[in-house]
Amino acid sequence: MNLPLKDSEVNAVGHAEELTLIHSALVALRRGDPAAKLQIQGSAPFSKVADVFNDLVEQNVAMAEERGVDTRILQGTTQNDIMKEYLSRGTYIFPPAQSLKLTSDTILFAVRNVPNWNPMNLCSYHLQEAGATPVQEVAYTLSTAIAVLDSVREAGKLTESEIGAVFERLSFFVNAGMRFVEEVCKLRALSLLWERLGRDRYGVTDAKALRLRYGVQVNSLGLTEAQPENNVYRILIEMLGVTLSKNVRARAVQLPAWNEALGLPRPWDQQWSLRCQQVLACETDLLEYPDIFDGSRVIEELTRAIADEAWAEVEEVQRLGGAVACVQSGYIKERLVESNALRIRQIEEGARKVVGVNCYTESERSELLAGGGAGPILTLDPAAEAAQVASVRAWRAARDENAAGQSIEALRRGVARGDNVIPLSIAAAKAGVTTGEWGAALREVLGEFRAPTGVARGATVGGDRTIESVRAKVRALGERLGRNVKVLVGKPGLDGHSNGAEQIALRARDSGFEVVYQGIRSTPAQLAQSAVEEGVHLVGLSVLSGSHNELVPEVMDALRAAGLARVPVVVGGIIPEADARALEARGVARVYTPKDFALGSIMDDLAELVRRAHGLS
Amino acid sequence: MDSADSIEAIAAGVRGGERSAVARALNLVEDRRAESRPLIGSLMVALGAGRPEGHRVGLTGPPGAGKSTLASALASSLRKTGHTVGVLAVDPSSKRSGGALLGDRIRIETRPEDPGLFIRSLATGGELGGLARSVPASVMVLAAAFDRVFVETVGVGQSETEIEHVVDTVVFVVQPGSGDALQFLKAGIMEIPDVIAINKSDLGEAALRAKNELSMVLGSARNAGTVGGTGPDVVMVSAARREGIDDLVAAIERHRSSQRASGALAERRLQGQVEWTLRALARRVGDEGIEREGGWGAVRERLEARIRRGDGTP
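Which chain is which? The protein sequence lines are X and F, in order. Number 144 in the working numbering belongs to position 144 of the first sequence; there are no gaps in the numbering. One gets the working numbering by counting positions in the second sequence from 1 and adding 1000 to each.
Keep in mind that the hints were calculated from the coordinates and are not lab data. Don't take every hint at face value.
Footprint (simulated), chain X over chain F, 3 or more residues, beta carbon under 8 Å [to be verified]:
1. 1014-1028
2. 1113-1124
3. 1245-1254
All C-beta atoms, glycine included, are put in the ideal place defined by N, C-alpha and C.
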């Protein structure tokens, strides 16, 4: 699928942002900033260049070569974990096997030419955001590691010492939630198993090479929109899980901001989070001691339990053909969707307590939220978008078209032959080729892929106590309408965060609706087409990119143009209050935000909206 | 609800392949309310007047065989040669909740600006192991609108024996290495399909093994006289790599023309209509009702005679 770049999503999602970031970094370099100490952390934002266009490796190497700097001194990290894109974030283009080839190309190139670069962050982070339990987080990330290392070893025909060098350069990007004792043990288990994997499967013997290295972003999934000030405590506690145990302490800590369930954080909100780790590092005595958990029976036992269970699941994935096969078959995705459904049900039923959400919900008037206007969040300057678009256009206008065209052609031919993609891409970067052009060329050669959604065969996890009554209502409504109530669940735009939409689709099915799940990355026109062809009674949209103000009205217009003005539309996402009111004024029937955690009552709403839209009593 | 005088307009829109008219017609034929029945009847009559109909192809096979990806590849190949395509993707409903997840649509590539490819998902709606009751009428709507209609069903079992009464060509999609499908064929649980597609032929040796095994099954079926002539075409395809798709299209087209030439097509459609009308009748009057009318055999005979006279709607 070839999606047109959405201007409205520049800055929020997608390629233009990265291009511009990289572009401006390059411009800064051209001005003469010392490339000798160039170090860029490309982990989170840059990973969105799906399928390993590792701009940083390529563009930095291209830049360094242009400036005559030895590439061997470049330092940095590329995320380069495509598996978690299929499983959680949705930013992928090519089929898994083809993507894995690009991943191993990057690793092989980096290990041989840019040895100080971290060519891959194995991302367990996104798996937890998709609902993974600690055991699943460890098991599926290690399964990915095996797929990647095996692929690199085979592609590069590596000797034992060479695969050891690759092993040493791989690092992890993990998540840490509120159950911080468990998180400490999860990391100790990961460290244990990583070492075991290195020794047993890849013959690594050097103790330093076997050490687990990881960066962390603590959990966003558990941050709440209700009483958001409590998130400051949550962030602090989550940080403890990855810092208390010296043996498995994080190398880099990224903390989200207290208001991320409300919208984008402002600079001051980010500073507040940054200070959290600085207070821990500077004011406490934590750093003065060796590992404070060594010898603890509780920690040892829990670590052992997580490690054993996780290893059993690693073996299960191997039995089923490995990580790639399990992504293709949907096995892993289904397990994650199930775990997330269970987590949501526990919150709904109160078995899992969330302060301010399902207990202690009473509150004094909040001073932090009292500002009015758009709320305590960052609002994007519309002019910035135009400036970025103009900057990319200017970049393209200034290059030698002929050279750019030739390097794209060389890229296409080389990749078709199975050559390493990185040198070809470096040549393209030097010729001024953009990410979009690069992606289009590879699409032609490698094809495109739609990952299993994990919901089609997901087991019923059930709902809260309301599910039976909703089912009865939906069934009765279907009788009166003449056919079962049918809903479309879709995600307009480029945002690939599908966890919310998946849970809505799953619960809707379990509540008796017929659910057409459209997956990620649809255009408004595609959603309208599906709504017409499927004859749905209601359309549910999920937008987490912050582009709801543009995308939702576009879908409404497309539905109206298709003659479906009467079909109710509901929207879910991180949508500030003022935006929600504006969307309702444009005809959206309901806006759901993270504080609407009770899926049962959302389902009841949906039935109610369909009933009213058909004028039934 | 659509009024009687708008039926003609809907039918005209369906024959013209208009997306919204096709969707409205499908909404109507899925409608279970008693008061909708006469409208559905008029729509069927109105559409029946608009021959020739599109060729109807069933895509069936075990879960995971890659039917949706294959449907997508077939659709895009046929679109390139100027044929319009309708797809009916049938998924099972949950027995407990009555709900269903209809997830096949996203596996088929569509373009909003191309009205020549239409996809509709349908839940079985709790018909025990079988196709939804509205399937024959839905297929008829799609066949009136598009040149080629694919009906995609999941699983091996009841729905496969039903699908042959709804379509002109049954394509059985097998995945190498799974084995079950071949077992079903061997054991005679499943009818011999018109075309067999071995998908994922990129699996190499496993695909070849599946082909050899299949040849053996078909050979013994020929010896036993349960399959006539040379038996079904067996085509190796890779939906993911878009290999062998033209061969599969050709095999389907061959079956289509030979059926048309021999007159078997008209007879097959008529038998299908008899089967489904009989089922619809049984649903309404029950076993006892059928007994009162002289039993299954007699009722079937009378129905068939009536339909041959051109009197009876599916």
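Hints and how they fare:
1. 1014-1028: holds (count 7)
2. 1113-1124: Satisfied; 6 residues make the cut.
3. 1245-1254: Result for this restraint: violated, n = 0.
Checked against the numbered hints above, the structure breaks only hint 3 and satisfies the rest.
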